[in-house]
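Q: Take a look at the letters that make up each chain.
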Amino acid sequence: MSVPGNGNGRPARSDFETIVQWVKPGARVLDLGCGDGSLLRTLKDTRGVTGYGVDISDDNVLACVTNGVNVIQSDLEVGLSGFESGSFDYVILSQTLQAMKHTERLLREMLRVGREGIVSFPNFGFWRARLQVMAGTMPVSRELPYQWYDTPNIHLFTIEDFEIFCRAHRLRVLDRAVLTGGQRVSFAPNLLGALAVYRLDLAHGAAAVGA
Amino acid sequence: MSASHAVPGSVGAVTPQDIAFEEPLPLKSGAVMPSYSIRYETYGTLNADKSNAVLVCHALNASHHVAGWYADDPKNVGWWDNLIGPGKPVDTNRFFVIGVNNLGGCHGSTGPASTNPATGRPWGADFPVVTVEDWVQVQSRLADRLGIGQFAAVIGGSLGAMQALQWTISFPDRVRHSLVIAAAPKLSAQNIAFNEVARQAITTDPDFHGGNYYAHGVVPRRGLRVARMLGHITYLSDDAMAEKFGRELREGGFKFGFDVEFEIESYLRYQGDKFSTYFDANTYLRITKALDYFDPAMAHGGNLAAALAGAKARFLVVSFTSDWRFSPGRSREIVKALLDNRHDVSYAEIDAPHGHDAFLMDDPRYHGVIRAYMHNIPL
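Protein chains in written order, with the numbering used here: chain L, 1 to 211; chain B, 1 to 379.
Bear in mind the hints are in silico, worked out from the structure with no lab data behind them. Do not rely on the hints blindly, as some may be mistaken.
In silico contact screen, one side only, chain L against chain B (beta carbon under 7 angstroms); selected entries [to be verified]:
hint : residue
1    : L62
2    : T66
3    : T180
For each residue, glycine too, the CB sits at the ideal point set by N, CA and C.
I would like the entire structure built from these sequences, with the hints used as guidance.
A: Here it is as structure tokens:
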């Protein structure tokens with residue numbers, strides 16, 4: 001079965017709509033694991049943002065250049081040392097976190113470089129995934145389209161896991177959207193949501209401003 | 001086959017042109033070039049509003065002969081012919097491309113072997129030391145004469161990339177895109193060290209005569225050979241050399257002597273011999289100095305971002321993983337400085353095995369990125 005996507009661990013684009021709504025016009029955006037640059041292209045066209053994508057793959061770098069968006073070929077696992085602190089309004093990590101080895105470091109780097117982070121990920125707690133595990137196999141779905149032996153996803157986690165992580169790491173949730181089939185889910189999101197999108201900042205930074 | 005026979009993708013037979021400049025040129029060193037002549041080639045057609053001009057800057061040993069061939073010398077194909085031509089990544093059906101031999105060169109522009117009008121003899125040792133900034137000034141004067149107010153793009157690899165970068169600093173309003181390939185923002189101590197060994201090889205050659213060898217009817221051929229051999233080592237990666245030559249011997253076994261035995265020795269000697277027949281030693285000395293002196297950040301306390309603050313161009317920076325002369329880390333310094341200024345920049349790090357010379361190779365990922373970038377330049 002062919003899965004709609006850009007070949008970079010981004011099987012669906014249902015989070016793009018939410019991200020586009022959240023990003024303020026004219027903002028400066030860094031899109032990590034930007035794939036073919038289509039999110040940045042959309043943000044440029046509809047929100048007038050400026051910024052850069054970051055991707056490691058040759059094919060995606062070429063696709064971004066073809067799409068007319070700035071792209072920096074780089075490995076996210078080595079960090080974001082090429083980017084100054086606080087140089088972006090938003091740092092976006094769309095459906096990439098589950099494929100990263102250094103989860104904590106990357107989130108820390110995101111919120112060093114950006115004032116806010118936008119993170120989306122497939123929810124491993126989605127009932128279909130639970131059902132497949134109950135039935136004895138690893139989940140394969142629209143959001144998690146890979147077979148266990150051939151997947152870029154190395155850190156599968158649930159909405160509940162992520163929120164525990166955020167509390168433990170003093171990440172403040174500014175906004176959350178949980179989606180299934182492109183529709184917002186508000187009831188029992190960890191069970192009924194296939195994809196989660198978060199807008200975050202650093203809690204202690206906010207405390208300093210508030211005090 | 002006749003020379004006029006059209007080869008797909010080639011600009012075909014080309015003719016270099018010379019243009020004389022009588023207005024004195026003040027150089028960074030403080031010296032002044034009273035007058036000079038510049039040789040250049042063009043490919044494609046300048047459009048009505050002159051918005052499609054692309055300048056190609058050459059590196060250490062290349063010239064204005066960037067693409068095509070000469071009717072009387074069809075084997076003499078331009079050094080970046082795989083990149084530039086009709087339908088090629090730098091498409092001469094869209095762009096008007098200019099190749100220029102830099103001042104101080106030995107391929108037709110005024111250089112150390114040219115006649116010094118003040119003495120009637122070759123300039124020789126008296127030819128001033130020229131810099132990347134000086135070359136960019138000369139190129140801008142050539143653009144003036146061709147009626148080109150602003151380049152759609154300035155492109156260069158290695159030392160050529162330094163000129164493409166300098167353009168955005170010296171003339172921010174005259175360049176819309178800068179393609180900076182296999183570059184460094186300044187030479188490292190190791191880079192300068194290699195250049196110094198090359199210069200020493202030349203200046204200690206008994207035929208150098210303090211740079212005035214023309215009067216003695218000789219050239220410091222041995223020095224040039226060694227300089228070129230050394231250069232070649234730095235252009236290739238260890239892997240590429242291993243792949244191409246390994247420890248292959250020209251004949252069966254060791255001969256326990258000092259003649260050519262290993263294939264790599266044969267290759268380097270061949271390259272050195274060839275180079276020493278056509279390249280001017282004084283030009284080599286000056287070009288390596290131009291490399292050593294290039295450091296746009298120096299005037300800004302070492303802050304490259306400050307040096308590039310006034311740039312208005314959009315940038316494409318490309319590096320090659322196996323390039324140890326100007327490694328990807330050097331290109332990332334340039335990218336960082338551009339990012340700090342919020343300039344538009346894309347950066348591709350091409351996983352190519354060829355070393356520094358990869359910028360001259362026909363790698364599909366590399367050429368694909370250049371093609372896509374150039375295609376998106378509006379005219």
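Q: Checking each numbered hint in turn, tell me which of them this model violates, lowest number first.
A: Violated hint (a single one): 3; every other hint is consistent with the structure.
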